[in-house]
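Line order of the protein sequences matches chains H and A. Heads up: the first sequence is residues 1 to 66, going by the working numbering. Heads up: the second sequence is residues 67 to 326, going by the working numbering.
One should not assume that every hint holds.
[Said to hold, decoys possible] Some chain H residues judged to face chain A by a derived CB distance under 7 angstroms, without partners named:
hint	residue
1	Asp-29
2	Ile-41
3	Gly-50
4	Ile-52
5	Ile-56
6	Phe-59
7	Ile-60
No lab work stands behind these hints: they were computed from the structure. Bear in mind that the values here come from a model prediction, so they are computed numbers and not experimental data. Backbone N, C-alpha and C fix where the C-beta goes; we use that ideal spot for every residue, glycine too.
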Amino acid sequence: MSDLANIPWNLILPIIVLQLILMVVALVDVIRHQRTNGPFIMWIFIILLGGIIGSIVYFIFGRRQE
Amino acid sequence: MSSLNTLLRKEWRENIRNFKLYWIPIVFVIFGVLEPITNHFLPEIMKSVGNLPEGADFLWPELRGEDIFVSLMSQYQTIGILVIILAFMGSISGERKSGTATLLYVRPMSFGQYFLSKWISVNAIVLASVWLGFFAAWYYIRILFNSVGAGEVFTFLGTYSLWVVFAVTVVLAFSAWLSTGGAAGLSILVLLVFQIIDGVVGIYWTVTPWKLSTYAASAFGSSADQAAYWMSIGLTAALIILLVLFGMYMAKRNAAKTLV
């Protein structure tokens, strides 16, 4: 447990918050639109498990511009 | 002017609806925050997950805050530029393909204003993202390294912004000229491959847009050739104007290719 306490959370926290915002924005978009390249369930998993990269990849390749 | 205003409002609404107004700034800020943190904790990260042999001892280079700005810039030069290309490659060609363009082109609008509305809105989003990213990095550099003077940072940002505007103009002009795929390929060639070529054999010339990032980094101490610096800025500005005119012309010429 002492390892966890050593992590400078006050420095790391903004990144985690930003990443969560990005993930939530991507998820809201997938669920509202459901028009994606490929099955949209797959994109939900990519966004949830892919971290920052997953969300970016969704916005660039997954969104179908209509 | 009022039709430019209307077109700008259309761009604004579109960029909110396709979330570009949110995710591009967030991505740049994440990179901006990550860069100082990883550089600061690199020795500890390597110690815990680097699989170093027992007793290995490295002499880590003593990084200054200025170096972090430059290393963040080189991140933006590759990943950042790639994000810009992929996000905006379809700005004009995509509208032709999807048929949005038919709704626009039947109205009495000038293609100059049409291209300009794209140019202004995309530049606004990208420049705001880049600046926010550097400001976030500046804050972290102040905490983890040393404080960097505002004069140096703004000289750096000013020079780098011109390169960013150049990159955006290239992407939009090619999007007006070619299909989405062609625009992406040619933009990657011009913005990323030429950068590598300039890095490898670039000692033979000093005045190019691709040298602007190097000149921007020279705001932090190392002095650059002033004449070459200002000539590069002039050349880049002239190229931006030419590319804007080219984009306006191509948007008009390709209007007939719109799918109905």
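Status of the hints after comparison with the structure:
no., hint, verdict
1, Asp-29, "holds, 6 angstroms"
2, Ile-41, "violated, 20 angstroms"
3, Gly-50, "violated, 13 angstroms"
4, Ile-52, "holds, 6 angstroms"
5, Ile-56, "holds, 6 angstroms"
6, Phe-59, "holds, 5 angstroms"
7, Ile-60, "holds, 5 angstroms"
Of the hints listed earlier, those the structure fails to meet are numbers 2 and 3, in rising order.
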